[in-house]
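Student: Chains as they are written, first to last, in the UniProt record's numbering: chain A, 1 to 159; chain B, 1 to 159.
These are calculated hints, taken from the structure and not from any lab test. Incorrect hints may appear among the rest.
Said to hold, decoys possible - Calculated from the model, a selection of chain A residues having no Cβ within reach of chain B, i.e. all distances over 10 Å:
(1) 9
(2) 13
(3) 46
(4) 60
(5) 66
(6) 99
(7) 105
(8) 114
(9) 133
As the list claims (entries may be wrong) - So the derived list for chain A, only partly shown, Cβ under 10 Å to chain B, looks like this:
(10) 11
(11) 12
(12) 143
(13) 155
Claimed, not checked - In silico DSBU-like links for lysine-lysine, alpha-carbon gap of 30 Å or less:
(14) B:133 - A:155
(15) A:133 - B:155
(16) A:155 - B:155
Note that CB positions come from ideal geometry on N, CA and C, so glycine has one too.
2 protein chains.
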Amino acid sequence: MPDDVTSMPDDVTFRLARRDDVPAIVEMLADDPLGARREGDPGDPRYLAAFERIDADPYDELIVAERGGKVVGTMQLTYLAGLSRLGAERCQIEAVRVHASTRGQGIGRRMITWAVDRARERGCAMVQLTSDKSRTDAHRFYGSLGFAGSHEGFKLTLS
Amino acid sequence: MPDDVTSMPDDVTFRLARRDDVPAIVEMLADDPLGARREGDPGDPRYLAAFERIDADPYDELIVAERGGKVVGTMQLTYLAGLSRLGAERCQIEAVRVHASTRGQGIGRRMITWAVDRARERGCAMVQLTSDKSRTDAHRFYGSLGFAGSHEGFKLTLS
Numbered sequence: 001m002p003d004d005v006t007s008m009p010d011d012v013t014f015r016l017a018r019r020d021d022v023p024a025i026v027e028m029l030a031d032d033p034l035g036a037r038r039e040g041d042p043g044d045p046r047y048l049a050a051f052e053r054i055d056a057d058p059y060d061e062l063i064v065a066e067r068g069g070k071v072v073g074t075m076q077l078t079y080l081a082g083l084s085r086l087g088a089e090r091c092q093i094e095a096v097r098v099h100a101s102t103r104g105q106g107i108g109r110r111m112i113t114w115a116v117d118r119a120r121e122r123g124c125a126m127v128q129l130t131s132d133k134s135r136t137d138a139h140r141f142y143g144s145l146g147f148a149g150s151h152e153g154f155k156l157t158l159s
Numbered sequence: 001m002p003d004d005v006t007s008m009p010d011d012v013t014f015r016l017a018r019r020d021d022v023p024a025i026v027e028m029l030a031d032d033p034l035g036a037r038r039e040g041d042p043g044d045p046r047y048l049a050a051f052e053r054i055d056a057d058p059y060d061e062l063i064v065a066e067r068g069g070k071v072v073g074t075m076q077l078t079y080l081a082g083l084s085r086l087g088a089e090r091c092q093i094e095a096v097r098v099h100a101s102t103r104g105q106g107i108g109r110r111m112i113t114w115a116v117d118r119a120r121e122r123g124c125a126m127v128q129l130t131s132d133k134s135r136t137d138a139h140r141f142y143g144s145l146g147f148a149g150s151h152e153g154f155k156l157t158l159s
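Based on the provided sequences and hints, a complete structural model is requested.
Tutor: Below, the structure is given as structure tokens:
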């Protein structure tokens with residue numbers, strides 16, 4: 001996903017994912033050094049069930065980026081409620097991927113910039129995400145977009 | 001919140017927060033080296049609005065820990081949907097605080113253990129949280145509970 005291109009393509013458009021985008025999204029999630037180990041058949045009904053839950057939730061958005069009529073990227077935006085910071089809403093970004101055929105063209109930068117603008121328009125006080133410590137190029141990428149690597153991210157796998 | 005006590009009190013109970021717990025929760029959020037800078041009047045209506053949203057969301061739980069009829073801790077559990085890992089649900093823990101008067105007694109350990117058990121019972125594949133890099137005692141605490149500090153946590157403040 002990350003790239004060192006600082007210019008951004010102006011022909012990328014964004015929309016909510018539809019049910020029939022799910023297989024293409026799963027393929028992008030799996031086409032990754034970390035993701036390859038944990039994904040399954042894109043037709044697995046558990047993927048569709050997760051899509052339906054996100055699609056029905058007004059605080060959750062599964063996004064696809066398109067270019068020339070083709071899906072070239074995906075990310076999930078979740079708008080989290082919380083009491084902290086005077087009850088501020090936060091935007092959490094998860095599952096960011098750019099299609100392998102279009103990496104290195106600034107599409108990831110365009111995606112995150114779009115997500116930050118969307119969060120700002122909603123009035124979110126913060127955008128947050130975590131990135132595996134092995135993805136050092138991603139860390140440089142997020143730093144270049146103004147994100148501060150201020151936190152340790154802890155995970156406990158249950159299954 | 002964190003402590004180096006490895007035993008846990010057995011007289012702590014947990015329940016969903018009620019509207020009238022909000023001021024006590026806000027006071028705990030503010031009674032912290034980082035939180036003090038970002039909270040306001042516990043009676044601010046924005047806190048109640050955030051509470052109402054969490055309370056109405058089936059995937060969001062604001063929890064209080066009680067001991068002897070007194071609120072001694074708080075945390076928020078959010079059950080996140082996602083396509084990753086075969087559409088697995090994750091439990092995200094935010095805004096963990098133990099009341100200043102009862103720190104160092106294993107209450108934080110009891111709280112996180114309870115949250116992990118609750119996530120496991122729901123069938124969550126993972127529990128995740130982030131912790132400010134300055135909270136090194138908290139990092140040791142989460143490590144002792146089996147969490148892996150595998151990720152960098154990035155934040156971009158918008159307001």
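Student: For each hint, tell me whether it holds in the structure or not.
Tutor: Hint-by-hint comparison with the structure:
Non-interface call for residue 9 of chain A relative to chain B: holds, since the shortest CB-CB distance, roughly 22 Å, exceeds 10 Å. Distance check for residue 13 of chain A against chain B: the nearest CB is about 21 Å away, which clears 10 Å, and the non-interface claim stands. At roughly 4 Å, the least C-beta separation between residue 46 of chain A and chain B is not larger than 10 Å, which violates its mark as non-interface. Interface exclusion of residue 60 of chain A from chain B breaks down, the closest Cβ pair being 6 Å apart, not more than 10 Å.
The Cβ of residue 66 of chain A lies farther than 10 Å from every Cβ of chain B, with a closest approach of about 18 Å, so its non-interface assignment holds. For residue 99 of chain A, the requirement that its beta carbon stay farther than 10 Å from each beta carbon of chain B is met, with the minimum near 15 Å. Every C-beta of chain B lies more than 10 Å from that of residue 105 of chain A, the closest at about 22 Å, which supports listing it as non-interface. Listed as outside the interface, residue 114 of chain A is consistent with that label: its C-beta sits roughly 14 Å from the nearest C-beta of chain B, beyond the 10 Å cut-off.
For residue 133 of chain A, the condition that its CB be more than 10 Å from all CB atoms of chain B is violated, with the nearest at approximately 6 Å. Interface restraint check: residue 11 of chain A against chain B, minimum CB-CB distance 25 Å, threshold 10 Å, status violated. A distance limit of 10 Å between C-beta atoms decides the matter here; for residue 12 of chain A the minimum to chain B is near 20 Å, and the interface restraint is violated. Among the interface hints, the one on residue 143 of chain A holds; its C-beta lies about 8 Å from the nearest C-beta in chain B, closer than the 10 Å criterion.
Checking residue 155 of chain A against chain B by beta carbon gives a least distance of about 5 Å; that is within 10 Å, so the hint holds. Annotation: proposed proximity of residue 133 of chain B to residue 155 of chain A holds, straight-line Cα distance about 15 Å (limit 30 Å). Simply put, residue 133 of chain A and residue 155 of chain B have alpha-carbon atoms about 15 Å apart, close enough for the 30 Å limit, and the pair holds. Restraint check for residue 155 of chain A and residue 155 of chain B: satisfied, since their Cα atoms lie roughly 17 Å apart, inside the 30 Å limit.
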